[in-house]
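Novice: Add chain B with the ligand to chain A, keeping to what the hints say.
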Amino acid sequence: MMNKNNQGRRHFLKLGIIGSFTLATAGTLIPFFSRQLANPAPNYKVLRAHDIDFFHCITPVIVGLGKYQPHSDMETFFKALDDKLGYLTDSIKHQLQQIIDLFTAPATKGLLTGKFNGNWQTFDYENVEQLWGNWQTSRWSVLQQASSAISQLVLIVWYSLAEHWPAINYPGPLFTEQLVTRPNNF
Amino acid sequence: MSSVIKDIYTTDAARQWAIFDALKTSPKNRDFDVIIIGTGAGGGFTADILSKAGLSVALIESGPLQSSNDFNMNEQQAYQSLYQEGGSRTTEDGAISVLQGRAVGGTTVINWTSCFRTPPQTLTYWQDQFGLAELDSTTMSSWFDYVEQRLGILPWQGQPNRNNAILQSGCQRLGYSSNIIARNVRGCWNLGFCGTGCPTNAKQSMLVSTLPQALERGASLIYNCEAHKILWQDDQVTGVECHPANGDHQSSRFKLHARHVVLAAGAIGSPAILLRSSIPDPHQRIGRRTFLHPVSASFALFEEAVEGFYGAPQSIYSDHFQWPADQQIGYKLEVPPLQPMLATGLLKGFGQQHRQLMQQLPYLQCTIALHRDGFHPQSPGGQVKLRADGSPVLNYPTTQYLWDGVKQSLTTMARIQFAAGARSVIPSHSGAQLKKSLQATLQQLNQLNWQPHQALLGSAHVMGGCGMSAKPESGVVNHWGEHFFLENLSVIDGSCFPTSIGANPQLSIYALACRQAAHLSAKLGKPITLIDNDKTTQASERQGFALTQSI
Ligand SMILES: Cc1cc2nc3c(=O)[nH]c(=O)nc-3n(C[C@H](O)[C@H](O)[C@H](O)COP(=O)(O)OP(=O)(O)OC[C@H]3O[C@@H](n4cnc5c(N)ncnc54)[C@H](O)[C@@H]3O)c2cc1C
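Quick note, the sequences are listed as chains A and B, same order. Its first residue numbered 1339, the first sequence is counted upward by one per residue in my numbering. Its first residue numbered 378, the second sequence is counted upward by one per residue in my numbering.
Just so you know, these hints were derived from the structure itself, not from any lab. In this text the structure is predicted, and so the values were computed from the model without any measurement. Quick reminder that beta carbons are idealized off the backbone N, C-alpha and C, glycines included. One should not assume that every hint holds.
[Said to hold, decoys possible] Examples of chain B residues toward chain A, derived with CB under 8 Å:
| id | residue |
| --- | --- |
| 1 | Leu442 |
| 2 | Met450 |
| 3 | Gly463 |
| 4 | Phe686 |
| 5 | Gly722 |
| 6 | Tyr778 |
| 7 | Asn823 |
| 8 | Trp827 |
| 9 | His830 |
| 10 | Pro904 |
| 11 | Thr906 |
| 12 | Leu907 |
| 13 | Asp909 |
In isolation and in its complexed conformation, chain A is listed as follows:
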């Protein structure tokens, strides 16, 4: 974990084209939501319980599934997301967690969403969809960058999973029988 004192400056959170994430968080907001839990959820390397709740709600909206999905249907996705986050540098990982804290801590979540009661899972799909759309073009660059970056991250991890390929009519690579081999794992 990064030292809190490092957070005074403007920080940027980013993930590239293959997991794009970019964010400038206003340092002044950080202390308000640093109270959140830092430990990964059981069986996860990076994702914390409230990260999972947040992604459970936001992912169907970003992917455009039209309705929330049962938790059990999302588990492969959470695992793949967790894996992906494991490859990020520590500072970027920490910044991602901070922005999720910003979105989920009661006070800041209330300010951002207009709903102070309940967690994200109690929000209507349509409301979240509208909120997310507004954030993408928000004048506040933190929201714009965070929502665009989280969208990119979610979409990339979603479509990395073979179980989601039939829905986009992607047949998968050719000649797998001949060419997919046991890795050397040097």
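Specialist: Just chain B with the ligand, lined up with the frame of chain A:
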């Protein structure tokens, strides 16, 4: 699970090679003639030539050693393990996604195999602006010949896949010039998975060409090994301080020594090492003028299947807009492969519209424009800096000049796509919608906000940051790639370009690397003859000698 392809790194010959995984072990011999940092386009050819000349060489590579058995056409695995920062590198403000490789073989392991000679206009610009008179087209052409032969670089013989064919037909209908791309492949299966590592060894990346040659001649390769600093005193480099790429850096550091050090860690990587080493930089040139060929993307839906996920990813290009008469930024038109992760990464937006587009993935065509940065005062490029932990980050401000170019290129791409029969077109922009006519598309392009994070900007071509120049005031190295202030340090990779190339850069890097490495061998007392140029000089020298004798 049995492969029809022989993995070069599991052969009996390979078992004899001096390959070390720094996470497990390190070489006993720590003294070499030359240490090369980085095993990509620049490092690969340098190692090949220096070892051929008879010099002892050590290669240091921060990425893993993966080879054909590991390359299973799996996007997720490949991006996470073979790309810098797990595929998530961006510029400092996150506005531009930057794809770069990190593996034995460098970015050549995951590149798309397009080969272009350095445009003569670029070389002329370097002569005029940076005094690089030695790098004229005639001199360079022998080196291009040499590399083209070496890597089997030929115009693509197969049919372009439909993603490429659409670019071609749109250009033809509009009277825009277009041409076939030359590729560094031998026996290509036309799979389309160059970007995840070639499973058939057809791609002539450094992994299967120059590096095995160098290893066969006794070069040492230390992978999963990060070069932290160059060790130097007065005007001399003495070696390199390294550590395993993961884990406890402080306690596991070790030093290698050499008569000469070649920096080939790529753009961003090479300047980062110089910055970490506090190399003399009185004119503050290190890391500056780093270029990206910033990319914009336009998607189009077609009635017939496009299947951009299969087939040679790039086989057609257009340079029609590359060298405009006015001062606007020029751009090259190409197409990307469209496997699901890359396609979704290039497509901005979210929700229902995004979903509907992705559901039609087989019918999606994507054209990209690579903007030629670094040729105009309003295109000064970016600057590589170090984060607190010593890792590099590129600050690359997006100028109005670039946004004007992006709007222009998206206009051109939409024109081409509609001319080729597109049903609808959408620029990669979070505020954009699919439009059914050219007019509506152009209107939309006028209305959208052109600023970071809303419009897609990406890069797969990082160049510069240790630029060549005739003078230390405007560069880091001379035209041989020799550092201005440290005698036995060279930079031989994409970082030494003083501007972007204005074409996909690998062939420019290969050819220049061969020229620089041949020069370096001679300087280290082991001259080597590789090209006709040399032959002609040497032949004429010999002839001169013979003539004198006969007189
Ligand atoms: C997806 C993609 C597609 C591309 N397609 C094409 C194409 O079709 N045609 C084309 O011409 N170009 C293409 N390129 C670009 C081209 O491959 C690169 O420009 C070229 O390989 C750069 O060569 P280089 O020697 O400068 O660096 P690289 O090839 O990137 O090699 C540098 C190596 O140094 C290592 N390194 C960095 N820092 C350190 C350190 N501190 N210690 C040890 N090792 C270090 C890196 O891990 C890397 O392996 C593509 C790039 C990408 C990302």
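Novice: Please go over all the hints and tell whether each is borne out by the structure.
Specialist: Checked hints:
The beta carbon of Leu442 (chain B) comes within 5 Å of a beta carbon in chain A, closer than 8 Å, and the hint placing it at the interface holds. Restraint check, Met450 (chain B) versus chain A: the minimum CB separation of about 4 Å is within 8 Å; hint holds. For Gly463 (chain B), the interface hint holds, the least distance from its beta-carbon to any beta-carbon of chain A being 3 Å, beneath 8 Å. A distance limit of 8 Å between C-beta atoms decides the matter here; for Phe686 (chain B) the minimum to chain A is near 7 Å, and the interface restraint holds.
Interface restraint check: Gly722 (chain B) against chain A, minimum CB-CB distance 4 Å, threshold 8 Å, status holds. For Tyr778 (chain B), the interface hint is violated, the least distance from its beta-carbon to any beta-carbon of chain A being 22 Å, above 8 Å. Because the smallest distance between the Cβ of Asn823 (chain B) and any Cβ of chain A comes to about 17 Å, over 8 Å, the interface hint for this residue is violated. The beta carbon of Trp827 (chain B) comes no nearer than 13 Å to any beta carbon in chain A, farther than 8 Å, and the hint placing it at the interface is violated.
Using the Cβ-Cβ criterion of 8 Å, the hint placing His830 (chain B) at the interface with chain A is satisfied: the shortest such distance is roughly 5 Å. Interface hint at Pro904 (chain B): violated, since its Cβ lies 36 Å from the closest Cβ of chain A, which is beyond the 8 Å cut-off. Interface restraint check for Thr906 (chain B): the shortest CB-CB distance to chain A comes to about 36 Å, outside 8 Å, so the restraint is violated. Proximity of Leu907 (chain B) to chain A is violated relative to the hint, the smallest CB-CB distance being about 31 Å (cut-off 8 Å).
Proximity of Asp909 (chain B) to chain A is violated relative to the hint, the smallest CB-CB distance being about 39 Å (cut-off 8 Å).
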